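Student: Now for the letters of each chain:
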Amino acid sequence: MDLRRTMLFMPGNNPGMLQNGGVFGADAIILDLEDAVAPQEKDAARLLVAQSLKTVDYGTSEKVVRINPLDTFARIDIPAIVPCCPDAILVPKVESSEDIQEVARLVAVAEKPGQAQVKLIALLETPRGIAEAYRIAKADKRVVALAFGAEDYTASLGAKRTKEGTEIFTARTIVVNSAAAVGIQSIDTPFTDVNDIEGLVADTQLAKQLGFKGKLSINPRQIDDIHKVFNPTVQDINWAERIIKAIRKAEAEGAGVASLDGKMVDAPIVARAELILYLARLLGLAEEA
Amino acid sequence: MNQLTNAIGRDLPESIEGYGKVRPFAGAFATLPDMPRQAPKVKRALPSEQKLVEDIETVFKQIPIKDGMTLSFHHHLRNGDGVVNLVLAVAAKLGIKNLTVALSSVFPVHAPLVEHVKNGVVVGLDTNYMSGPVAQAVSHGLFPRPVVMRTHGGRARAIECGQLKIDVAFIAAPAADDYGNVNGVEGPAACGSLGYAIPDAQYADHVVAVTDHLMPYPLSPISIPQTRVDYVVKVECIGDPKGIVSGTTKITRDPVGLKIAETTAKVIKAAGLIKDDFSFQTGAGGASLAAAYYVRQMMEEAGVTGSFALGGITGYMVEMLEAGLFRKLIDVQGFDLDAVRSIASNPKHLEVSADFYASPFNMGAAVNKLDVVVLGATEIDTDFNVNVVTGSDGVVMGGSGGHSDAAAGAKMTIIVANLLRGRLPIIKGQVLTATTPGETIDVLVTERGVAVNPNRTDLYEKFKAAGLPLKTVEELKILAEKMAGVPESITTGEKIVAVVEYRDGTVIDVVRQSK
Numbered sequence: 064m065d066l067r068r069t070m071l072f073m074p075g076n077n078p079g080m081l082q083n084g085g086v087f088g089a090d091a092i093i094l095d096l097e098d099a100v101a102p103q104e105k106d107a108a109r110l111l112v113a114q115s116l117k118t119v120d121y122g123t124s125e126k127v128v129r130i131n132p133l134d135t136f137a138r139i140d141i142p143a144i145v146p147c148c149p150d151a152i153l154v155p156k157v158e159s160s161e162d163i164q165e166v167a168r169l170v171a172v173a174e175k176p177g178q179a180q181v182k183l184i185a186l187l188e189t190p191r192g193i194a195e196a197y198r199i200a201k202a203d204k205r206v207v208a209l210a211f212g213a214e215d216y217t218a219s220l221g222a223k224r225t226k227e228g229t230e231i232f233t234a235r236t237i238v239v240n241s242a243a244a245v246g247i248q249s250i251d252t253p254f255t256d257v258n259d260i261e262g263l264v265a266d267t268q269l270a271k272q273l274g275f276k277g278k279l280s281i282n283p284r285q286i287d288d289i290h291k292v293f294n295p296t297v298q299d300i301n302w303a304e305r306i307i308k309a310i311r312k313a314e315a316e317g318a319g320v321a322s323l324d325g326k327m328v329d330a331p332i333v334a335r336a337e338l339i340l341y342l343a344r345l346l347g348l349a350e351e352a
Numbered sequence: 005m006n007q008l009t010n011a012i013g014r015d016l017p018e019s020i021e022g023y024g025k026v027r028p029f030a031g032a033f034a035t036l037p038d039m040p041r042q043a044p045k046v047k048r049a050l051p052s053e054q055k056l057v058e059d060i061e062t063v064f065k066q067i068p069i070k071d072g073m074t075l076s077f078h079h080h081l082r083n084g085d086g087v088v089n090l091v092l093a094v095a096a097k098l099g100i101k102n103l104t105v106a107l108s109s110v111f112p113v114h115a116p117l118v119e120h121v122k123n124g125v126v127v128g129l130d131t132n133y134m135s136g137p138v139a140q141a142v143s144h145g146l147f148p149r150p151v152v153m154r155t156h157g158g159r160a161r162a163i164e165c166g167q168l169k170i171d172v173a174f175i176a177a178p179a180a181d182d183y184g185n186v187n188g189v190e191g192p193a194a195c196g197s198l199g200y201a202i203p204d205a206q207y208a209d210h211v212v213a214v215t216d217h218l219m220p221y222p223l224s225p226i227s228i229p230q231t232r233v234d235y236v237v238k239v240e241c242i243g244d245p246k247g248i249v250s251g252t253t254k255i256t257r258d259p260v261g262l263k264i265a266e267t268t269a270k271v272i273k274a275a276g277l278i279k280d281d282f283s284f285q286t287g288a289g290g291a292s293l294a295a296a297y298y299v300r301q302m303m304e305e306a307g308v309t310g311s312f313a314l315g316g317i318t319g320y321m322v323e324m325l326e327a328g329l330f331r332k333l334i335d336v337q338g339f340d341l342d343a344v345r346s347i348a349s350n351p352k353h354l355e356v357s358a359d360f361y362a363s364p365f366n367m368g369a370a371v372n373k374l375d376v377v378v379l380g381a382t383e384i385d386t387d388f389n390v391n392v393v394t395g396s397d398g399v400v401m402g403g404s405g406g407h408s409d410a411a412a413g414a415k416m417t418i419i420v421a422n423l424l425r426g427r428l429p430i431i432k433g434q435v436l437t438a439t440t441p442g443e444t445i446d447v448l449v450t451e452r453g454v455a456v457n458p459n460r461t462d463l464y465e466k467f468k469a470a471g472l473p474l475k476t477v478e479e480l481k482i483l484a485e486k487m488a489g490v491p492e493s494i495t496t497g498e499k500i501v502a503v504v505e506y507r508d509g510t511v512i513d514v515v516r517q518s519k
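Same order as they appear, the protein sequences are chains U and S. Plus 63 on top of the position in the first sequence (first one is 1) and you've got the working numbering. Plus 4 on top of the position in the second sequence (first one is 1) and you've got the working numbering.
Read the hints as simulated data drawn from the structure, not as lab findings. Computed from a prediction, not measured in an experiment: that's the story for all the values here. Please note: incorrect hints may appear among the correct ones.
Facing chain S, a subset of chain U residues (Cβ under 10 Å, in silico) [unchecked claim]:
| no. | residue |
| --- | --- |
| 1 | F87 |
| 2 | G122 |
| 3 | A265 |
| 4 | Q268 |
C-beta atoms are modelled at their ideal positions from N, C-alpha and C, and glycine is treated no differently.
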């Protein structure tokens with residue numbers, strides 16, 4: 064499973080940012096051809112992003128490109144970007160399974176022979192996209208995550224965007240559930256006030272609690288704080304280790320069920336403990352078993 | 005001419021015309037003092053005598069200032085300074101020639117100096133830092149004699165030990181009384197500490213306070229005392245406050261600078277230095293000041309009270325003092341209005357002289373008590389030698405200031421720099437102008453990794469245990485060159501336009517005329 068605790072947007076027309084995108088430690092960087100780039104600069108940004116993919120070392124960060132929507136420049140973006148081997152394409156304003164299938168078809172045509180298959184992440188940012196979330200999630204095997212964009216979504220709803228996020232609660236849970244239903248990841252909307260660290264942490268904690276696996280980010284300064292929230296805590300790791308120990312002991316003793324602190328340890332609890340330990344090892348927070 | 009090679013492998017002539025015999029740099033602590041202290045002329049003032057004179061021209065006539073003298077100035081008014089230009093205009097008017105200007109730092113505002121050199125009024129310059137038109141003119145060979153570039157501590161040493169003999173010190177005085185007491189905390193040109201002017205006042209044959217804010221006797225607080233001041237001159241304006249101090253010094257928002265700063269704080273923590281009695285110095289610009297932000301967070305998390313912060317003082321350091329994170333500030337120079345306010349009102353904010361701050365030849369400067377200093381670089385080489393004198397075009401654009409002093413004194417010296425500046429890698433096989441020797445640099449922090457000086461294996465082990473992104477300086481160099489290519493080396497002319505002295509007065513490098 065790929066870690067996508069943070070997916071950091073980089074304007075596709077800013078050479079300085081594109082050059083340094085790999086230094087901030089984000090799990091994924093999104094080279095943006097859409098909202099960050101003015102219409103008259105789309106051509107230049109497309110060239111710049113293509114060259115960056117080919118030449119800049121982004122280290123361990125997953126390379127994602129946000130293309131333009133199908134009704135604008137997606138058909139020009141895809142053949143220009145896909146052969147430069149991004150890890151994934153972030154498709155904006157997805158509203159139906161047909162949108163994803165069309166992008167998947169265009170990507171397949173653009174891929175070079177032997178190239179690693181380019182993944183898709185669907186960005187849901189309209190009421191219709193939210194309503195179709197489950198069908199979008201299972202529209203194509205390339206889709207590895209659903210991401211949620213709250214700004215456009217609330218604008219369409221005619222609801223005021225607040226820091227508490229009551230107005231997006233339903234959409235968030237739909238995105239999380241639709242993704243989980245087909246076994247893919249869900250990525251939360253960005254927190255847009257870059258100077259409010261406390262607000263960012265609270266919003267990320269809520270996202271994690273709802274079941275999101277990561278968060279979009281619009282500023283490198285947000286990366287560490289988001290990671291801290293999504294990383295398993297020492298208490299999580301200790302708990303998970305005790306669960307696994309209890310289940311091993313029960314297995315060794317031939318007992319059908321294990322218990323810890325008077326509570327039964329069943330399969331879903333073991334699965335959650337295993338996931339925590341997997342993440343902890345991946346992040347160097349726990350020793351190899 | 006016979007050649008010497010100094011301890012960092014720089015070839016130097018045995019003697020340089022207009023400078024004299026070269027004492028080659030032998031190692032950061034290898035050259036010992038072998039001279040008594042300089043003694044200025046003993047003078048007296050009779051009870052009936054007045055010190056207030058009506059203008060600078062009168063001072064010139066009364067001293068009298070003659071051809072060939074050395075006039076000194078401090079740089080606390082930075083790019084707002086009006087006194088250097090005022091005094092040199094009088095010298096030009098009176099037809100005085102062949103002066104040497106000993107100005108602790110030269111700024112763009114000092115551009116009229118170029119004309120005074122062309123006219124023969126000024127022939128020599130002795131400074132610790134320069135930027136702007138004068139620096140460019142120096143690089144292009146304007147001065148008939150090589151400019152002497154010192155460190156802040158080295159200038160204090162040279163004055164005390166008699167290598168920089170000052171005939172007349174003109175002290176820009178934000179506030180003064182008519183008997184020569186001076187401070188920097190009052191008046192329209194308030195600048196805070198007057199630390200760099202103190203050695204000049206102590207050792208010059210004649211001392212002139214130039215003020216636009218005359219206060220009733222006795223002035224307090226007193227930074228420079230009446231006992232060393234011969235004349236007081238009231239002028240209309242000693243400087244433009246806009247160029248003297250900034251409103252508040254802001255922390256950079258550049259994400260790469262912040263990344264470097266954050267890594268720097270992690271380096272300090274990994275070295276085990278975030279603990280009670282921690283002492284710290286950092287610059288006012290870019291990643292350096294941002295490092296203070298992250299260090300502060302770590303100090304707060306650990307509940308640590310530091311001993312002192314040193315150097316050029318910014319509002320951010322004042323905030324840390326007021327929040328109880330440091331017990332004292334030791335201030336040789338203030339950078340913003342908060343620093344001025346604090347030094348004027350807080351007894352825990354100490355004003356110190358340049359020699360107390362950084363001189364290598366006294367019984368212990370403040371830099372010796374530093375745990376950590378965070379410094380910048382225009383270039384660094386694979387031997388960790390740092391250039392802060394010349395830019396990527398080979399033209400003078402700075403100077404050591406306190407760089408070499410703090411690097412020599414601190415237990416751990418960290419250089420922060422973007423691996424690529426614009427399109428240029430900052431790590432070179434050999435820096436164009438060596439300013440601070442690699443033996444005094446311990447760690448290089450870039451956005452793409454941390455390099456430890458191989459002579460600090462102790463730090464390397466600690467950083468490795470802390471999981472810091474360690475690379476060798478050679479690996480970082482290759483990484484940068486992979487992205488940006490190998491820059492063409494800069495070719496210079498033969499003429500030596502500046503001699504770069506290390507803090508102990510030995511020659512660490514020279515600057516040659518740019519093409």
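Student: Decide, hint by hint, whether the structure agrees.
Tutor: Hints and how they fare:
1. F87: holds (6 Å)
2. G122: Holds, about 8 Å.
3. A265: violated (18 Å)
4. Q268: At about 19 Å, which exceeds the 10 Å cut-off, the nearest Cβ of chain S leaves the hint on U/Q268 violated.
Violated hints, in rising order: 3 and 4; the structure is consistent with all others.
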